[in-house]
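Chain A is fixed; fit chain B onto it per the hints.
Which chain is which? The protein sequence lines are A and B, in order.
Heads up, our numbering is the position in the first sequence plus 38, with the first residue counted as 1.
Heads up, our numbering is the position in the second sequence plus 3, with the first residue counted as 1.
Rather than coming from a laboratory, the hints here were simulated on the basis of the structure.
You may find that some hints are simply not true.
Covered by chain A, according to a simulated footprint, are these stretches of chain B (three or more residues, beta-carbon under 8 Å) [what the hints assert, rightly or not]: (1) 65 to 71; (2) 126 to 139; (3) 221 to 232; (4) 287 to 298.
Just a sample of chain A residues kept apart from chain B, beta carbon distances all over 10 Å, derived [as the list claims (entries may be wrong)]: (5) Met100; (6) Gly112; (7) Ile123; (8) Ile143; (9) Ser148; (10) Val156; (11) Pro300; (12) His340; (13) Asp422.
Note that the Cβ used here is the ideal one computed from N, Cα and C, for glycine as well.
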Amino acid sequence: MLAEALFLQLGYNATLVTLGAALLGIAAGVAGTFLFLRKRALVSDAISHATLPGVGLAFVVMVALGGDGRWLPGLLMGAAVSAAIGLLCVQWLTTRTRLGEDAAIGAILSVFFGLGIVILTVIQTMRVGQQAGLEGFLLGSTAGMLRNDAILLAVSAAAVLALVLILRRPLELAAFDPGYAEATGWSLGRIDLAMMGIVLVVTVVGLKVVGLILIVALLIVPAVTARFWTDRAGHVVIIAGAVGGVSGYVGAATSAIAPALPTGPIVVLVGFSIFLMSLLFSPGRGVLASVLLHRRYQRRVHMRQGLLALAQGQPIFEALTRRLMCRDGLILPDGVATAEGQAAAAKALLDETRWSLVRADNSFAVAATRYDGLTPIEDVLTPDQLRDVDSRIAAPKAVT
Amino acid sequence: MGPEFVALSLTPLLIGICVAVACALPGNFLLLRRQALIGDAISHVVLPGIVVAFLLTGMVATGPMLLGAAGAAVLAVIAIEAIRRLGKIEAGAAMGVVFTAMFAGGVLLLERSDTSSVHLDVEHALYGNLESLIWLDANGWTSLTDPAALAGLPVELPRMALALLVVAAFIFLFWRPLALSTFDEGFARGVGLRTGPLGLALVVVSAIAAVAAFDAVGSIIVIAMFICPPAAARMMTNRLGHQVAWSAGFAALAAILGYVLAGYGPLWVGASASVSAAGMIATVSGIILAVTAVAGPHRTRGS
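Looking at chain B on its own, in the form it has when it is part of the complex:
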């Protein structure tokens, strides 16, 4: 845990944890509402949003890209709803049509336009590059109190921490209405809650988490974190509060274990280079889910 750890591993680890927890928190409600695949759809449509933002502004800037991605996510949600209602198509199929088409459009735009000069390609969009978010200005733990070094932190860290804060605040503030409308929508409407806007707000908050995370870690880890930790937590408890807590714990555990295994695991078995951290974090979250699905106290229906 020397200066190298602070410079090379601390920030990716923290970013990974922020991403995992920020996605897992709203994931709990999406899972219980049977909207788990919304996360899948959102993370696919973020790509065309970012590409269009890049083509319009001509630069890789955070603001426009976040706006483009958020716009694409909202557009996708509207399109899915429109196709579902107009064509009387089942929600899953409508989703499949929209997100594949938008993703395909994004890929083609990307390949047709000259983005070779900037750091923007399909592989990066899929599995990001968590390992590269290092803190060059750090030279030990003392840097944590050194303003000059702190200014050199990768911009993704404060951004992701902010996203986590927004997500956590939303869930904390709207805990009761969210819980009510998730478990008994009819009753929630009966006591005067506006469940429609609340559901949309949940999707928007999920999109915020996904979009902020996308840039740092790619879309695959986002989908995994939306679903696997909450699903594993679901096997552990019947209480919503406990489930959310478990899911945050599982998400953080997956992020830490995944990063460490990806960075140091190959060294332990004698290989020289590391493997994809995003992929490893998703894999570890799957292993956690597998363990809880086999041994969790509440794994079956009605238990």
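Chain A on its own, in the form it takes in the complex:
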């Protein structure tokens, strides 16, 4: 069943919804990257929660006008209007009052959501409100979507993606190098406005798929995930789009075979699993890579200290040091140095002596900054400089 869903074998509507969710995921991943890099990720949380009163009011208005309250384009328009009002309120509170952006976000999201809940309870008491199904907007529900709604979803998701790709240049510029963007004549305020506009559209289109509580995850998780894999501007955007696309695709496909499950949580958990894998296993920033790097560094320090001790004829007590040196054949299990060990120890001692001369001499100040107790001095100085240093080493010290 899952395989069928993943390969789009479940009929026209389900296929449209799945493809639409994938397109939406890509758009959200890309747009979210800019949001994340501008350090305004959680503004989208305020935007998404602020859609609820609009959805409710649109339903009420459409019923009052004698139409069907569940007409999706109308509901989404209402959502967009109230989300825009919420966004303006956040901006106003941040710029005109002493509140920080985090407080403004929290205030707007909770108040608008509270108002939305009030309107939902009003709708429940209306005669036509019993089967309004507006709860689907909280957590997303794509199973059994009507043909028209599925088409609307797929088309608008494609449109959002196109919009994001058209505006990619200025957005990238503002996200990665705001100073340069301003210097070359872009207005940061306008770019931010465009970015917020895109986020708003992504949120509104995503309402039916992911739901307003969790849509923020579709904007944030892909961007955060992508940061683990690369530091390059263009690549972050591409990877984030891919992560978002996969999340939306798998989430919508899974939800097609399990209609009882809300779509949003599945989409979010798929994205989160990719994030978790990246957190653990990505090269460079991942946890595993960090641990390995740390272990390597630890070994090098132990080895160096062991060799220096050997060179000065001191016994080695540290268990890890003994084990490492024994494994490399530098000492015998009883702690006595092998021929190889003696050579390596002499080399380490020479290195250390050279370093101490270099660090004491101001003319080597630049080279001395690279001293960390591990780097061989041959990596830092030229052979000429080394000869110069060696000439200053006094007669070999007697080993006592």
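Just chain B, lined up with the frame of chain A:
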């Protein structure tokens, strides 16, 4: 204000006030420390904690659920910190990743497991059911002195009052260190305060308030009360003591007005049924914030 009021409205009102004040008090410090959204994160992750506790014990009991919720809150704080440090990710984004994922996990667990027999669903988690916490044993104001009737009080009331007491005691006892570390963390460390554990303690106390409140009123009102009353109070004064007092007043006002509007407002305009009290309390707190943001004496930076 007859016997009906005591039986039907007194306890929800009192619980609402306790919730509002218990959340607003630590909210002041979270707001000033620019951690306002911690309340948002905590109230989202409470859901998976409660669901897991329910699945493990198989019953809706207060103790395990509070433990589960508190455990989830602590786990979330640790996870946010870990992601922030390991991935060098900005705090807001790390928070967004953690609380959405945990909330999604909670929802899926809830939908997959058989909880239809008990009173546990997503809507309830979001906006609670303040109106249902009525005091059936009461038959007038005299019940307040009647031990038999008092035994029938909804269990949420004493629990919430206790949470309020814990929060208030914490803030009263640690007033000076909290104020110092909030305004000048470097100085606070300089005079020997351990600001790290203090900050964590503040988060834990906030979590206690959120978890206790969650069961009674749902998460949305908790977020609103963490942020709106302190933010409104911030517009009124520059003194921390006054701000905390204002915020408690605003919180209580929002709770009372919100409950009354939700319960009786629809009747005044001719409708028959009431609307969600939790939603209305959040809305009223937003209106209070809007008024102070437009007219408060200290609304702008530097005033």
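Status of the stated non-contact between Met100/A and chain B (beta carbon gap over 10 Å) | 19 Å, holds
With a Cβ-Cβ cutoff of 8 Å, does the region 287 to 298 of chain B contain at least three residues near chain A?
-> n = 4 at 8 Å, threshold three: holds.
Closer than 8 Å, Cβ to Cβ, for at least three residues: run that test on the region 65 to 71 of chain B against chain A and report holds or violated.
-> violated (count 0)
Reported absence of Ile143/A from the contact zone with chain B (all CB gaps over 10 Å) = 7 Å, violated
Within the assertion that chain A covers the region 221 to 232 of chain B, do at least three residues meet a Cβ-to-Cβ distance smaller than 8 Å?
-> With 7 residues close enough to chain A, the hint holds.
Ile123/A remote from chain B - nearest C-beta pair above 10 Å | 12 Å, holds
Checking C-beta pairs, does the region 126 to 139 of chain B have three or more residues closer than 8 Å to chain A?
-> holds (count 3)
Is the Cβ of Gly112/A farther than 10 Å from every Cβ of chain B?
-> With a cut-off of 10 Å, Gly112/A remains clear of chain B, as the shortest Cβ separation is near 22 Å.
Whether Ser148/A stays farther than 10 Å from all C-beta atoms of chain B, as the label says | 4 Å, violated
Examine each Cβ of chain B, and state whether all of them lie more than 10 Å from the Cβ of Val156/A.
-> Answer for Val156/A: violated, closest chain B Cβ roughly 4 Å.
Non-interface label on His340/A, tested against every C-beta of chain B at 10 Å = 25 Å, holds
Over 10 Å to the closest beta carbon of chain B is the bar; see if Pro300/A clears it.
-> Check fails; 6 Å does not lie beyond 10 Å.
The structure fails to meet hints 1, 8, 9, 10, 11 from the earlier list, while all remaining hints are met.
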